[in-house]
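*Asks:* Make the full structure from the sequences, and use the hints.
Keeping their order, the protein sequence lines are chains G and H.
Letter by letter, the first sequence follows residues 1 to 543 in our numbering.
Letter by letter, the second sequence follows residues 1 to 457 in our numbering.
Keep in mind that the hints were calculated from the coordinates and are not lab data.
These numbers were taken from a predicted model, which means no experiment stands behind them.
Honestly, I wouldn't trust all of these hints.
To be verified - Lysine to aspartate or glutamate pairs mimicking EDC-like chemistry, simulated, CA-CA at most 16 Å apart:
1. Lys-397(G) to Glu-49(G)
2. Lys-61(H) to Asp-496(G)
3. Lys-13(H) to Glu-144(G)
4. Lys-395(H) to Glu-115(G)
5. Lys-13(H) to Glu-132(G)
What the hints assert, rightly or not - So these bits of chain H aren't anywhere near chain G, every CB distance computed over 12 Å:
6. Asp-305
7. Gly-312
8. Val-406
9. Asp-438
Where a beta carbon is used, it is the ideal one built from N, C-alpha and C, also for glycine.
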Amino acid sequence: MSVLLEEPKRTEEFDLEEIVENIIRVYPTKVARKRRRHIIARDPSVPQEIEANVRTVPGIITQRGCCYAGCKGVVIGPIVDMVHIVHGPIGCSFYAWMTRRNQGVPREDGHYFLEYCFSTDMQEENIIFGGEKKLRAAIKEAYEIFHPKAISVHATCPVGLIGDDIHAVAKEMSQELGIDIVAFSCEGYRGVSQSAGHHIANNGLFEHIVGQDDVELEGFTVNCLGEYNIGGDAWEIERILDRCGIKVASTFSGNGSYDEFRRAHMADVNLVQCHRSINYMAEMMETKFGIPWIKVNFIGVKATSKSLRKLAEFFEDDALSKRIEEVIRDEEEKAEEQIAPYRERLEGKTAFLFVGGSRAHHYQDLFSDLGMKTIVAGYEFAHRDDYEGRDVLPKIKVDADSRNIPELEVEPDPERFRPRKDPETLERLRQMGIVDTYEGMMRDMGPGTLIVDDISHFELEYLMETLKPDIVCSGIKDKYVIQKMGVPSKQLHSYDYSGPFAGYRGAVNFAKEIDMLINNPAWSFTRAPWEKAPLIKGAVITE
Amino acid sequence: MLDMTPKEIFERKALRINPAKTCQPIGAMYAALGIHGCLPHSHGSQGCCAYHRSHLTRHYKEPVMASTSSFTEGASVFGGGANLRQALKTIFQVYDPEIVAVHTTCLSETIGDDIPSLVKKAREDGIVPDGKYVIHANTPSYVGSHVTGFSNMTTAMVKYFSEKNGGRTSAINIVPGYVEPSDMAEIKRLATEMGLEAILFPDTSGVLDAPQTARFSMYPKGGVKVDALKKTGSSRATLSLGKFASEAAGALLEQMCDVPYQCLDLPIGISSTDRFIEALIEFSGQTPPATITDERGRVVDVMTDMLQYFHGKKVALFGDPDHVISMTEFLVDLGMKPIHVVTGTPGKYFEHRIKKILDGKVKHANVRAFSDLFMLHQWIKNEPVDLLIGNTYGKYIARAEDIPFVRFGFPILDRIGHSYFPTTGYRGALRLLEKMLDAILDRLDRDAPESSFELVM
Numbered sequence: 001m002s003v004l005l006e007e008p009k010r011t012e013e014f015d016l017e018e019i020v021e022n023i024i025r026v027y028p029t030k031v032a033r034k035r036r037r038h039i040i041a042r043d044p045s046v047p048q049e050i051e052a053n054v055r056t057v058p059g060i061i062t063q064r065g066c067c068y069a070g071c072k073g074v075v076i077g078p079i080v081d082m083v084h085i086v087h088g089p090i091g092c093s094f095y096a097w098m099t100r101r102n103q104g105v106p107r108e109d110g111h112y113f114l115e116y117c118f119s120t121d122m123q124e125e126n127i128i129f130g131g132e133k134k135l136r137a138a139i140k141e142a143y144e145i146f147h148p149k150a151i152s153v154h155a156t157c158p159v160g161l162i163g164d165d166i167h168a169v170a171k172e173m174s175q176e177l178g179i180d181i182v183a184f185s186c187e188g189y190r191g192v193s194q195s196a197g198h199h200i201a202n203n204g205l206f207e208h209i210v211g212q213d214d215v216e217l218e219g220f221t222v223n224c225l226g227e228y229n230i231g232g233d234a235w236e237i238e239r240i241l242d243r244c245g246i247k248v249a250s251t252f253s254g255n256g257s258y259d260e261f262r263r264a265h266m267a268d269v270n271l272v273q274c275h276r277s278i279n280y281m282a283e284m285m286e287t288k289f290g291i292p293w294i295k296v297n298f299i300g301v302k303a304t305s306k307s308l309r310k311l312a313e314f315f316e317d318d319a320l321s322k323r324i325e326e327v328i329r330d331e332e333e334k335a336e337e338q339i340a341p342y343r344e345r346l347e348g349k350t351a352f353l354f355v356g357g358s359r360a361h362h363y364q365d366l367f368s369d370l371g372m373k374t375i376v377a378g379y380e381f382a383h384r385d386d387y388e389g390r391d392v393l394p395k396i397k398v399d400a401d402s403r404n405i406p407e408l409e410v411e412p413d414p415e416r417f418r419p420r421k422d423p424e425t426l427e428r429l430r431q432m433g434i435v436d437t438y439e440g441m442m443r444d445m446g447p448g449t450l451i452v453d454d455i456s457h458f459e460l461e462y463l464m465e466t467l468k469p470d471i472v473c474s475g476i477k478d479k480y481v482i483q484k485m486g487v488p489s490k491q492l493h494s495y496d497y498s499g500p501f502a503g504y505r506g507a508v509n510f511a512k513e514i515d516m517l518i519n520n521p522a523w524s525f526t527r528a529p530w531e532k533a534p535l536i537k538g539a540v541i542t543e
Numbered sequence: 001m002l003d004m005t006p007k008e009i010f011e012r013k014a015l016r017i018n019p020a021k022t023c024q025p026i027g028a029m030y031a032a033l034g035i036h037g038c039l040p041h042s043h044g045s046q047g048c049c050a051y052h053r054s055h056l057t058r059h060y061k062e063p064v065m066a067s068t069s070s071f072t073e074g075a076s077v078f079g080g081g082a083n084l085r086q087a088l089k090t091i092f093q094v095y096d097p098e099i100v101a102v103h104t105t106c107l108s109e110t111i112g113d114d115i116p117s118l119v120k121k122a123r124e125d126g127i128v129p130d131g132k133y134v135i136h137a138n139t140p141s142y143v144g145s146h147v148t149g150f151s152n153m154t155t156a157m158v159k160y161f162s163e164k165n166g167g168r169t170s171a172i173n174i175v176p177g178y179v180e181p182s183d184m185a186e187i188k189r190l191a192t193e194m195g196l197e198a199i200l201f202p203d204t205s206g207v208l209d210a211p212q213t214a215r216f217s218m219y220p221k222g223g224v225k226v227d228a229l230k231k232t233g234s235s236r237a238t239l240s241l242g243k244f245a246s247e248a249a250g251a252l253l254e255q256m257c258d259v260p261y262q263c264l265d266l267p268i269g270i271s272s273t274d275r276f277i278e279a280l281i282e283f284s285g286q287t288p289p290a291t292i293t294d295e296r297g298r299v300v301d302v303m304t305d306m307l308q309y310f311h312g313k314k315v316a317l318f319g320d321p322d323h324v325i326s327m328t329e330f331l332v333d334l335g336m337k338p339i340h341v342v343t344g345t346p347g348k349y350f351e352h353r354i355k356k357i358l359d360g361k362v363k364h365a366n367v368r369a370f371s372d373l374f375m376l377h378q379w380i381k382n383e384p385v386d387l388l389i390g391n392t393y394g395k396y397i398a399r400a401e402d403i404p405f406v407r408f409g410f411p412i413l414d415r416i417g418h419s420y421f422p423t424t425g426y427r428g429a430l431r432l433l434e435k436m437l438d439a440i441l442d443r444l445d446r447d448a449p450e451s452s453f454e455l456v457m
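*Replies:* Structure (C-alpha cells):
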C-alpha cells in the first residue's frame, strides 16, 4: 500500500484501459458493470460518453453527500442576511454550521447570520405527532429575537416521511409576520447527491426572491452565479471586475444578500462560475427576464483573462474592451512574475482532481499555469453536461431519481422581459461560444488521462498506487487518507482554510501553496532512518 | 462577532440556536472505529455518512473510513433492505473488514427498518461471509445526542459479543466513555500500572492517532479485538466511566453475564481521578505504585503553587455531560467559580449533579441540560466570566466577549493535541492546569500596564 515519492511518474506508458479493467474486476459483477460506465480513458479521436448523476452503489464508500447539503449547505446557507432554519433533528444543521467557509460581511443594515446555526432540534414526539407546530413556533421565535428580513426553512429526511407541510407553514407565517419565508423540500434522500439540492434551492430562490425589486442599475453590471466565496474568491473576482469598470450586482450565493437577490434581474448579464449548481437559475432568468449568461472560469491566470475577454465581446464597448485588455496585461504580468519561482519547482508534476461539479474542471487551468498536468479528474455530483458539454442535454434520459425534482415552468415576464441583445447578435455570440453555452471538462482532457465520475475509495487508492500523482485535490474525507499514503492533498472544497484561489492574486496564492505542499521537507521523514534500507546492511553484519 | 445576539434573554421553546450537541450517529461511528478491523456503516441517506466522516476527520485529522446505504427516495418509501444487502455485498467483497457496525439514522428509524432481520437474511443468503460479523445499534437522531449514539454502539458491542461462560477471569472491563484516543491509552496505562488486566472498549487509540508512515491502512493497528469483547462476559467487574456515555454498556453486561458494574465519573481533574484510582485499588488489592502517587503529587503541586491565578475566577463551561460534570468538580477543587454550565445533551441528572457539586461553593449558577451556546452567550453577557471552557465553537463567544478560552471536549476543529495528550488521569489534570494557566496568564500579560508587566508569575 505504499507510495514512494521518488519513483518516476510516467502515465503515458501505462495502459489506462488495463488499469480500468483492474479496478472494476474487484467489484461484484453488477457493480462492475455500473462503475465501468463512470470511468473513461480519454480518447479525443472518438466521441465518448460517461455515466453521471445516477445512484451511488451502497457500501462503495463515496465522496457524495445529500440533497440537503446541496440546498442549505451550498446554495442557501451563504446568504448572510437571512435566518436559515433547518427543520429536523439537530445533526443536519450542526454539520452545515460554518464548515463550508463561504465568507461574508454584513451590509449597512447589520443583518448577519453566518455565525449562527438554527434548528428545530426535532425530538421523538415531533416525529410521532408531527413537527409543524414546532416549526411554526421556531419561526416565530426567530422573528421575535432577530427581526430578519427573510427566513428560509429546510427539510431534513424525516420531515418528508412524516408529512410536515413546510410550504404551508412558511406561507402562513409569512403572511402573519409580513416577511418572506421560503421553504425548501430538500430532504436528504431526494435525488442521488447534493446536485438535487442545488436545483431545489435555485427553484425556491427564483420563485420567491429573485426579481421582486425593480431598481435601475447603472453602468456595466453582472451577477456572479455559482460563486460561493470560499476563502474570499468572490472578492478577488469583484476586485478584478471593478478594475475593468464592471459592477457585480449580486453574487449567488457567496456573501449573498436578500436585497441584492431581489434586484439581480436588473443586471446586464449573468456570469456562471459553477455551472452544475446554478445553471438552472441562469436559464430561468434568461427565459423570464432576458438576461443571457456567460460561462466563465476565474480559476487560473489564463482562464481569468479568457473569461474577461468573453465579457469584452459581450458588452461590445470599445472603451471597456480597452480597459479589460489593460487590466489583463497588468494583472497577468504581476501574477506570472510571482508564480515563476514556484512554477520552476512544479513544472512537470502531476495532479488528480476529484471535486465538485465544476472545480475538477476549473482547476486544470490553474495547474496548467503552474506547468502541471492533471492526469485523472472527476466530479463528485456533476451531470453528463458538465463532462460532455451542454450539447448532450437533449440526449440525457431523465430517470426516476431526477424526475422527483420539480422543473419550474418559466415564461417570459410580460412586462419585465428585456432582451439585452438583438436576436442576431445573441445568436452570433452563441455561435462564438460566448453566451449560453458550456463545453464541459472532457474536451480539455487529452489522451493519457482518465475521467472517473463519483470516485470510490477503492478507486482512489488503486489509482494513487498505480499512477503515483504528486498531489491529489479532493475534500476533507479524503485529505488524510491521501496524506497517509505519503502524498500531499489539497482540499478544494474548504481550500485547507486558506484562499482566495480565484483570479490573478488567487492563482499566486495557489501556486505558493501547491509548492509548499509538494516541496515541504516534512515528507522526507515518513520513513525512519532505520527503515529505509536495513535488510542488506543487516545481512552483511550477520555474516 | 455574534453581533445579532441580544443581551436580553428570550426563553425559547422551539428554536435551537448554536447547539452544544450533535446527533447520535456520529457517536456510534466514533465508537465503532474503536473495534479492530471494523468498518462503521451508516444506514440512511449519503449525507449523514458524509457529514459524520467529515466532522470526525476535522477533529482527528486522520482517515475516518465508513460506508453508507445511500438511500434514495425509493428506499425511503419501500424501506432500505435492498440498500443494506447491496452495501454488505460491496463492503465484504471490496473492503474485507472483520466487522461491519451498522448504525441507523433518523431516516431509517422513521421508516422502521429492522436491521437484525435484514442482516440475518443477508447472512442466510451468503452475503455476509462466514467468520465475519455484522453488529448494529439503533441511533435515532431525534433522541439524545452524539453521546447517546456512542453509548448505544458501545452497548451493542456487549449485546453482540459478550459471552457468559460461567468462568471468572481476573480482568476488569473499562468503558472509557466518549473520550480521545489519548485518554483511552491513558486510562489503560493507569489500570496496567495498578497491576490489572483491563479490557477497554471501545478503544480508538492506535486507530485515530495513527502514525504517518506513507502507508495507508484502512484498518489500523488499534481497536479492541473481538476476542477481547467476547471475554468481557467473564471479567470480574466493569468500570463504566461517565453515566451518559458508558453506564448502559456496564448495566447490560451485568444483566447479560452477571458481571457487576460500577459507574464512576470520567477521571478528569483530581477528585474524579482519585475515585478512579481508589476503584482500581479495590480490584487490585494493591496500593498504587509510587509513579502514580507522584503523578498525583505533581498535580497538587501546581494547584498549590499557582492557586492565586485560579482562586475565585468565574468560569463558563459547556460540552458533553460526562466531561462537564468532572470538569466542574475540578474547577471547584481549584477554588474557581463555574457560574454558567451548559450541555446540549438532554438529561435531568446533569443538572442535579452539577448543582450538587456547586452546592455551598458557588451561589446562583446557571446550570442547564438540553440547552445551547446562544443561551450560554446571553448568560455571559449578563454576568461576565474570566474563562470560557468548551469545544471549538466556543471561540466565537470568546472573541465576541474577549474572554480567555480553553478548548476542551468534542469537537476541537482548529487545534491539534487532543488525540495525543490526554485530559484524563493525573497527567491529564496537569495538562488542563497548564492550558488554563496559559490562557489566564496570557490575558494578564496582554492587559497589564507596562509598569506592572510581570517577569515572574
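*Asks:* Are there hints from earlier that the structure breaks, and if so, what are their numbers?
*Replies:* none
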